[in-house]
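Q: We have chain A already, so just place chain B on it with the hints.
Residue numbers (the working numbering), protein chains in the order written: chain A, 1 to 256; chain B, 1001 to 1419.
Since the hints were derived computationally from the structure, they do not count as laboratory data. Misleading hints may appear alongside valid ones.
With a straight-line cut-off of 27 Å between C-alpha atoms, the simulated BS3-like cross-links for lysine-lysine are [said to hold, decoys possible]:
#1 A:K141 with B:K1236
#2 B:K1236 with A:K110
#3 A:K141 with B:K1383
#4 B:K1322 with A:K141
#5 B:K1404 with A:K124
#6 B:K1322 with B:K1354
Note that the structure is a prediction, hence the values are computed from the model and not measured.
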Amino acid sequence: MLEIKNLHVKLEDEDKVILKGMNLTVETGKVHAIMGPNGSGKSTMSYVLSGRDGYEVTEGSATLQGQELLDLDPEARAAAGLFLAFQYPVEIPGVGNMTFLRTALNAQRKVRGEDELSAGEFLKLVREKAKALKIDAEMLKRPVNVGFSGGEKKRNEILQMAMLEPKMCILDETDSGLDVDAMRLVSDGVNALRSPDRSFLVITHYQRLLDHIKPDVVHIMADGRILQTGGPELALEVEKNGYADILAAHGLTEAK
Amino acid sequence: MAASEAVTARLSAQAPGPGFGVARAAAAERLSAMGLPGRRDEYWRWTDPAALNTPEVAPAAPEPAEAPLFAEVNSLKVVFVDGVFDADASDDLAMAGVEIARLALEEPAWATGLYGTLEEAGQTPVKRPFGALNTAQATDGLLIRVTAQAEKAINLVYVHKSEASDPILHHLIKLEEGAELTVLETGPAGARFNKAMEVDVAKGARFHHIRVQGAEQDRRAVTHIFARVAEEALFKSFTLTVNGKLTRNEAYIDILGDDAVAHIAGAALGDGKDGPFHHDDTVFVTHAGLRGESRQVFKKVLKNGALGTFQGKIWVKPGAQKTDGYQISQSLLLDDDSQFLAKPELEIYADDVKCSHGSTTGAIDDTALFYLRSRGVPEEEAKGLLVLSFLADAIDEIEDEALKEEIVARLEDWLARHR
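Next comes chain A alone, as it looks inside the complex (with noise of 0.2 Å):
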């Protein structure tokens, strides 16, 4: 599904080089987990991945089912399959939440060649879906993440994925801020999610996460390159020890 091959990475403003020659697979229909001390690149690989501006690739590739994504602009990528649930999703006063989720919807459509959905097929949808996610209708009128809660926003964000049903998404903290129960609901509404031909990419500090949305595969990320992967049991490990085995067996350091 993704394939990141010795991707290099720095600042389009400064010197500072982020990531340095990262390599990941994700494999169709899993679900993938980073974690990570601060300042090892996770979020960053998720804007790269996403498009966003400031960041120069200098060296490396980063194919959606083939398709190298680094060529295209953001809303290419996301009509090619690419999500990306932000750790802070943004408030964009004076637009609706229903505005923004039938423009995004259509427009992937449009892209793909698919047709547009109506005024009355997307209300439907749209009502089906929030329902599944325990958002009101109230929360689809008011303008996007205005005025939401930490668990709201982030709810929202899933409920843009089920609206768009990417075939990869990434998942950049997502459980930051967010107390038990808003976490498990959102959990929930990931692994409502999980098919056979949709992966995932989850970015945490932290191993609660994995307890509810369970990885099939722990990778640990440190320097701007994935330093380990292994099994769900690599982040028990982390959250008993935390990074510095880790980091100490590949010659680091944690950053202070």
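A: Showing chain B alone in chain A's frame:
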């Protein structure tokens, strides 16, 4: 040319309309005393009045009319073509609870002592020469007296057909105690348009005004709203302006009674691609009553060298305690060539008031743009959504949901054409 000669030339370029002889003569005298504005006048530093001062009008090509707005709104339509009343295109000027007369034809007794008085009140402390010129010269307009809740909105449609039209229209609107009226205005009106609207809102009355200034590139307009708001009364005005070589919209709102509310908002979109765009909002709100609430919300979206200005003042008079005054002026610059100039002012002579003002200039927010694009929304469409987002606070000043939707739809249209 000496100042007085310029005024004489300007006044004699067109014959004044009939009626209201005393008020017209007094206004002409006011204009002669103050003279036409120049760049040295404090409130004309950013807007060159030359094109408004000349006796003769520079031609402006009428453009094909846009699809009419407010067609579905239950309204009484009144059409002026180049400032001339069009009886065939207009509805009967009759509505329960509302007396409507035409300035060109009648001088109703109720209007005699009122015509020009709100304009005159608005000349202090800042001179508004084109307001005085308007009172003196206006050839037509509506004289509207509202005694109840009007069953329909009054929908003023200004059509521009002649390349050299230079209409001067003056509307006088008096809302009696507890009355309510909505006035809609659309269209470019002429090559050059001078319009004044005096609005007297009596106790507990409610006035709503929604205006869309036409998208014609070459038109020039100078407009004034002079309002007087009595106790527990409400005044609300919203203006959408798209394109136009020169637009100066002035408002002078006197909150005289206690517990009165006045909101005035404007959204302007200027694209300098097809020619110069200059939009000027000059707003003056005075508080004399207790517990008055005022809001000024002005937003401008500028690109391709468009220029927007805002001069806004909240003036709290002695004794106007518990005043709640708010003013925000913001611009969204879509490129490096456009410019926004703002002069927010507060002048407060009461000690127990809450007044705030803010002014900002910014560009499209990169994070929000990326967020929308990451969901598959193409860049230009995403920018359009963010422009709407930026204008939302101003548009939200429209209370009526159906009218708001029409305004948003028109904005979306315009944005789609100007990508």
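Q: Holds or violated: K1404 of chain B with K124 of chain A, Cα cutoff 27 Å?
A: 25 Å, holds
Q: Given the hinted pair K1322 of chain B and K141 of chain A, is their alpha-carbon gap at most 27 Å?
A: With Cα atoms ~35 Å apart, K1322 of chain B and K141 of chain A exceed 27 Å; violated.
Q: Just to be careful, I want the Cα atoms of K141 of chain A and K1236 of chain B compared with a cutoff of 27 Å; is the pair within it?
A: Holds, because 25 Å separates the two Cα atoms, which is no more than 27 Å.
Q: For the pair supplied as a hint, K1236 of chain B and K110 of chain A, confirm whether the alpha-carbon distance does not exceed 27 Å.
A: 41 Å, violated
Q: Would you mind confirming whether the straight-line C-alpha gap from K141 of chain A to K1383 of chain B stays at or under 27 Å?
A: 21 Å, holds
Q: Taking only the CA atoms, is the gap from K1322 of chain B to K1354 of chain B under or equal to 27 Å?
A: 7 Å, holds
Figure legend: structure checked against the earlier numbered hints; hints not met, in rising order: 2, 4.
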